[in-house]
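Student: Letter by letter, the chains look like this.
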Amino acid sequence: MATIQQLSTRHVLGIKYLTAEDIHLIFETADRFKEVINRPIKKVPSLRDITIANIFYENSTRTRISFELAEKRLSADVVNFSASSSSVKKGETLLDTVNNILSMKVDMVVMRHPAPGAPQFLSRHIKANIINAGDGTHEHPTQALLDAFSMREQLGDLQGKKIAILGDIVHSRVALSNIFCLQKLGAQVKVCGPPTLIPKYIEKMGVSVEHNVRKALEWCDVANILRIQLERQDLKYFPSLREYALYYGVNKALLNSLDKRIVIMHPGPINRGVEITSDVADSEHSIILQQVENGVAVRMAVLYLLAASR
Amino acid sequence: MEKGRVILNQERFSLTIERLCHELIEVYDDFKDTCLVGIQSGGTPLSARINDRLNEILGDRGMPFGKLDITFYRDDFRTRTQPLAANATEMDFIVEGKKVILVDDVLYTGRTIQAALTALNHYGRPVNVDLLVLIDRRFNRHLPIQSDFTGMRIDALDDAYVKVEWSDVEGEDQVLLFGQKNDVS
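Which chain is which? The protein sequence lines are A and B, in order.
What the first sequence shows, in this note's numbering, is residues 1 to 310, in sequence order.
What the second sequence shows, in this note's numbering, is residues 311 to 495, in sequence order.
Simulated from the structure, these hints should not be mistaken for laboratory data.
These numbers come from a predicted model, not from an experiment.
Just so it is clear, CB atoms sit at the ideal spot from N, CA and C, and this is done for glycine as well.
Any given hint might turn out to be false.
Covered stretches of chain A (chain B as the covering partner; in silico rule of three or more C-beta atoms under 8 Å from a C-beta of chain B) [to be verified]:
1) 19 to 29
2) 37 to 45
Cut-off 16 Å, straight-line C-alpha distance, at most; resulting in silico cross-link-like pairs (EDC-like, lysine to aspartate or glutamate) [unchecked claim]:
3) LYS43/A to ASP385/B
4) LYS42/A to GLU293/A
5) LYS162/A to GLU210/A
6) LYS377/B to GLU35/A
Next up, chain A with everything else stripped away, as it sits in the complex (with noise of 0.2 Å):
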């Protein structure tokens, strides 16, 4: 008789507040998943009795999709909400705007919002389950999920695998997520970039620290490189584009000078040419797509193991 298991947590607002047992429980719950959606019926009627509100404050491509296409696949019903196109635009507060939509009966919020905390905030005011799509430059767990789950495809266990994440480290609430869920799951983490985008006191987080490229590949057993994000830029943290994809960028030069294979990743969007280069993009070293593949497995069983603690 199997176990009944369930998450600690009623919502997922970061890694750091689920625990290393809940990490797994997601895992596999995807790994199940992942097989229903190659199915040639790609949907399982798990959650008929639910409705999810897509709230995005910030624009997405792959994160919408994705949780859309997972909620789908979960047989929930979707409703769908971008800041741009909404009340939002007259000065509608956040909470204001949620509770309406709750008050139509939704029974889970996934939102992506600009301000670090929001989904804190929610959370503590309504009685939805909440799961943070990015909030600001805090945490974008799913993405962090589904980055360990492809690197646990790839090495197997995590425990004492190392781990290099190279770029904007600084503006990156992906950056963030990934050294909770890496540490959690017992893996070396080092970050890599210029000086100037490495948040100052990073080491105190048990990451370390990297500004040679070069090294930082030749120690790691996979790179995951983070976009420069230069929305979130709000001075000049590097010279140039150029300068930045000559000391900072990922090509297939330097791949192929490694006298070992390590395994390439990228959350998306890709600049190609700035931190990585379209050859390494889509090598066979790079599972950028497979990934975003895995991105909809695992959405699904976060979304699946939060409607079970309802």
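Starting from the known structure of chain A, arrange chain B on it as the hints suggest.
Tutor: Relative to the frame of chain A, chain B by itself:
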């Protein structure tokens, strides 16, 4: 902890499996266009045992053999009487146009079978589906679902719990009846 009462011992267990196999041969003859599907997790050891025995009797005729997990299809998954963590589904064929022998260890409320029929539909439209179970708990049904091939029929109270044990897992092939589910060690 109360020990379960043995209602099917090792000897009668193997006789029962043998009989079920011959009943299947009687109906399905050469098993053309037929597939065997075990429901995870209770039905899979039984279906594997039957598949092996049929191959011994008739020679291996490559009958498709699948394992179906129905966790995501349950109507009661949020009442937490059933595990949330699913088992693997291994169905590398579709059942379109095939005769399906659906296998589970214990037929109780019928809800597992109902979920399995829904799940099966996602692999195509079978010509017909027969249900084979080792134990049929007659008086505990919630739905109009009956088995076509039955190892043993028992009458037990709602509180009782039937546990099927396998030699390769628990060390012995046998079926135990417990007064209450909590009594199972």
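Student: Take the hints in turn and mark each one as holding or not.
Tutor: Okay, the hints, checked on the actual structure:
1. Proximity of the stretch 19 to 29 of chain A to chain B, defined as three or more residues with a beta carbon under 8 Å from a beta carbon of that chain, is established by the 3 residues found.
2. Only when three residues or more bring their CB closer than 8 Å to a CB of chain B does the claim for the stretch 37 to 45 of chain A stand; here the count is 6, and the claim holds.
3. With a C-alpha separation of about 15 Å, the suggested pair LYS43/A and ASP385/B falls inside the 16 Å cut-off, and the hint holds.
4. In summary, the hint linking LYS42/A to GLU293/A is supported, as the alpha carbons are separated by about 13 Å, within the 16 Å threshold.
5. Of the pairs offered as hints, the one joining LYS162/A and GLU210/A holds, with about 13 Å between alpha carbons and a cut-off of 16 Å not exceeded.
6. A hinted pair counts as satisfied when its Cα atoms are at most 16 Å apart, and LYS377/B with GLU35/A qualifies at roughly 13 Å.
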